[in-house]
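Participant: In case you want the letters, here they are:
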Amino acid sequence: GQQVMQIPQYQHVQEGEDFTTYCNSSTTLSNIQWYKQRPGGHPVFLIQLVKSGEVKKQKRLTFQFGEAKKNSSLHITATQTTDVGTYFCAGGGANAGKSTFGDGTTLTVKP
Amino acid sequence: GAVVSQHPSWVICKSGTSVKIECRSLDFQATTMFWYRQFPKQSLMLMATSNEGSKATYEQGVEKDKFLINHASLTLSTLTVTSAHPEDSSFYICSAITPYSGNTIYFGEGSWLTVV
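Chains as they are written, first to last, in this note's numbering: chain R, 56 to 166; chain Y, 5 to 120.
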């Protein structure tokens with residue numbers, strides 16, 4: 056079945072440094088979503104990408120969907136302590152609504 | 005834009021009782037809805053696919069008699085956790101798709117279930 060792999064599992068950065076998490080699928084995706092989960096909280100939807108090569112920005116966050124629609128990345132510029140949490144990607148396969156979640160990347164930011 | 009509403013956001017129930025969680029598409033008709041759950045410090049796992057007017061399709065390892073899913077209308081799917089036990093405590097989230105949304109799916113905000 057479809058597998059979505061996310062790396063790295065953990066990332067520790069100094070405040071102000073950049074951060075990137077990568078999501079790779081074993082099959083072509085119809086869409087990909089990104090979520091952020093704060094410690095003790097629930098996953099919060101950040102964005103959805105649908106088009107090949109799509110790039111979207113939300114302030115310091117940049118989301119990319121690969122040309123082959125098999126990978127995606129989330130890049131945070133100049134991290135802040137408020138960015139801490141676990142970032143999940145979720146990819147939709149042939150059945151676009153059926154998402155497979157990655158295991159998440161947990162970001163810690165040292166002030 | 006399209007909105008999916010989940011209710012309740014938080015629920016605490018006693019062990020042995022049943023709990024119903026609703027997932028509603030507020031401004032579109034959702035032919036298919038999906039239910040996920042997340043255990044602490046783990047990722048979200050698909051539980052079942054809910055199709056309007058037909059039986060849900062469950063993922064391997066998910067007990068269909070314990071997690072009853074009903075999709076009686078194009079805007080509502082319900083997940084009932086029957087005879088809940090503390091190990092059922094989890095975060096449950098639904099998503100919906102419509103034939104007119106292309107490859108876009110819409111997620112609810114999730115429901116926290118705590119069984120005591």
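There's no promise every hint is true.
Straight-line C-alpha distance at most 25 Å; calculated DSS-like pairs for lysine-lysine [as the list claims (entries may be wrong)]:
no.: 1; chain 1: R; residue 1: Lys91; chain 2: R; residue 2: Lys106
no.: 2; chain 1: Y; residue 1: Lys59; chain 2: Y; residue 2: Lys70
no.: 3; chain 1: Y; residue 1: Lys45; chain 2: R; residue 2: Lys91
no.: 4; chain 1: Y; residue 1: Lys70; chain 2: Y; residue 2: Lys24
no.: 5; chain 1: R; residue 1: Lys125; chain 2: R; residue 2: Lys106
no.: 6; chain 1: Y; residue 1: Lys24; chain 2: R; residue 2: Lys165
Computed Cβ-Cβ distance ranges for the label pairs, DEER-style [unchecked claim]:
no.: 7; chain 1: R; residue 1: Gly95; chain 2: Y; residue 2: Lys24; range: 38 to 46 Å
no.: 8; chain 1: R; residue 1: Lys114; chain 2: Y; residue 2: Lys45; range: 26 to 34 Å
no.: 9; chain 1: Y; residue 1: Glu67; chain 2: R; residue 2: Gly95; range: 23 to 31 Å
no.: 10; chain 1: Y; residue 1: Asn55; chain 2: R; residue 2: Tyr65; range: 32 to 40 Å
no.: 11; chain 1: Y; residue 1: Ser87; chain 2: R; residue 2: Gln69; range: 19 to 27 Å
no.: 12; chain 1: R; residue 1: Thr83; chain 2: Y; residue 2: His11; range: 14 to 22 Å
No lab work stands behind these hints: they were computed from the structure.
For glycine and all other residues, C-beta sits at the position ideal for the given N, C-alpha and C.
Participant: Indicate, hint by hint, whether the structure satisfies it.
Facilitator: These are the hints, each one checked on the structure:
1. R/Lys91 with R/Lys106: holds, 21 Å
2. Y/Lys59 with Y/Lys70: Holds: Y/Lys59 and Y/Lys70 sit about 14 Å apart, inside 25 Å.
3. Y/Lys45 with R/Lys91: holds, 13 Å
4. Y/Lys70 with Y/Lys24: holds, 12 Å
5. R/Lys125 with R/Lys106: Holds, because 11 Å separates the two Cα atoms, which is no more than 25 Å.
6. Y/Lys24 with R/Lys165: violated, 41 Å
7. R/Gly95 with Y/Lys24: 38 to 46 Å: violated, 25 Å
8. R/Lys114 with Y/Lys45: 26 to 34 Å: holds, 28 Å
9. Y/Glu67 with R/Gly95: 23 to 31 Å: holds, 28 Å
10. Y/Asn55 with R/Tyr65: 32 to 40 Å: Given about 38 Å between the Cβ atoms, the range holds.
11. Y/Ser87 with R/Gln69: 19 to 27 Å: violated, 49 Å
12. R/Thr83 with Y/His11: 14 to 22 Å: violated, 35 Å
In terms of the numbered hints stated before, the structure departs from hints 6, 7, 11 and 12, listed from lowest to highest.
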